[in-house]
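There are 2 protein chains.
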Amino acid sequence: MTFAAPMSSKEARQMIRNNEWVKPTAGVANGYTQANLVVLPKELAFEFLLFCQRNPKPCPVLDVTEPGSWEPSMVAPGADLRVDLPKYRVYRNGELTEERTDIIDLWDKDMVGFLLGCSFTFEHALVNNGIPVRHIQENCNVPIYKTNIPCVKAGRFEGPMVVSMRPIPHKDVVRAVQVTSRFPSVHGAPIHIGDPKLIGIHDIYLNYCR
Amino acid sequence: MTFAAPMSSKEARQMIRNNEWVKPTAGVANGYTQANLVVLPKELAFEFLLFCQRNPKPCPVLDVTEPGSWEPSMVAPGADLRVDLPKYRVYRNGELTEERTDIIDLWDKDMVGFLLGCSFTFEHALVNNGIPVRHIQENCNVPIYKTNIPCVKAGRFEGPMVVSMRPIPHKDVVRAVQVTSRFPSVHGAPIHIGDPKLIGIHDIYLNYCR
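Quick note, the sequences are listed as chains A and B, same order. Take my numbering: the last position of the first sequence gets the number 1337, and nothing is skipped along the way. Take my numbering: the last position of the second sequence gets the number 1337, and nothing is skipped along the way.
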């Protein structure tokens, strides 16, 4: 396995803040919880939090910042959500308009940050259980697919469930379910095992890292 | 044990809607999930949902209605939150001002209903496991106490954790933990076992039903 050098979550954030790690964080800060970040103006915050509450499997909420604050004080005191992520995608009116390494100038007094559990968290546990994780072995990002499973709508938020995929040897599938089931706040057990067509995924690239 | 006659959740709601059951619902509609209700104007909804997210043990969210709707369409399609509860307490500016059996005239287009899991739900499972439930035996409400454990603040919402108390024979305590742990969305396992003073409760009335 190709894990990054062991480091704490604080060390990982500092490295990222210094722009020394500008790529996905699979294999970084093993043993610590990883999160996805959604930032929205307060006006949309209730509808999005409700969307998460109605869709806890894809959107498990770990922490929500006070409006205007960039510090997730419950899960990562001292962190700065404006600079501690490798990259940010900026959507305006639903369109991806920009990709950048910080969002300092975009974070105004109305911004609310939502930290959603990330499945990178349980990969170290999979490896510790003898289950290989392909995208870590191949040093690339986890493959992500859009399914045909609708999320439960809340206010202006709706859409199909998006999933990550990990190819697991047949003999390890049961153990993979057991291991990931212990991590419900970072997506937990798989939503599907077997033929991806059954959940609307028709093109799987098993050599996705190249 | 003195349980009410077996009935479905729908039958129970109809009975309550007809003002034929104007008291707490312990022992009613066994096997169905029971909920507590909080109704707030939309302007407070995000802060309260965040309070629940930060305090999932006392405030496990089962469903949240669309602003203006009185139907909890995910957990109880067809229910009417304005009339399907035995009694409502109306707070104005933080003060209890009224108690009534419906809130039809108070429910305006901004109202959001939050259904929070209620521990009455697991009492039938306790009884099925041979663990007596005193307030059902004595046909009264579960005793409720204010602890000295602070909830995590969110916006304008803060305060000490409030708990229900069930006297359990020593020999049944472990099993009671196991049984209630299976019901995390209706508070789940106890937050405390033993001397109530340790969580700031100094006056326990074991003959609370009289």
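These are calculated hints, taken from the structure and not from any lab test. Beta carbons are placed, not taken as given, at the ideal position from N, Cα and C, and that holds for glycine. Hints may be right or wrong, so weigh each one.
To be verified - In silico DSS-like pairs for lysine-lysine, Cα to Cα no more than 25 Å straight-line: (1) 1169(A) - 1236(A); (2) 1169(B) - 1280(A); (3) 1236(B) - 1280(A); (4) 1236(B) - 1184(A); (5) 1280(B) - 1169(A); (6) 1169(A) - 1273(B); (7) 1236(B) - 1236(A); (8) 1169(A) - 1184(A).
What the hints assert, rightly or not - Pair ranges (Cβ atoms, derived): (9) 1323(A) - 1231(B): 48 to 54 Å; (10) 1218(A) - 1219(B): 37 to 43 Å; (11) 1232(A) - 1229(B): 37 to 43 Å.
- Message: Under the constraints set out in the numbered hints, which ones does this structure not fulfil?
- Response: 4, 6, 7, 11
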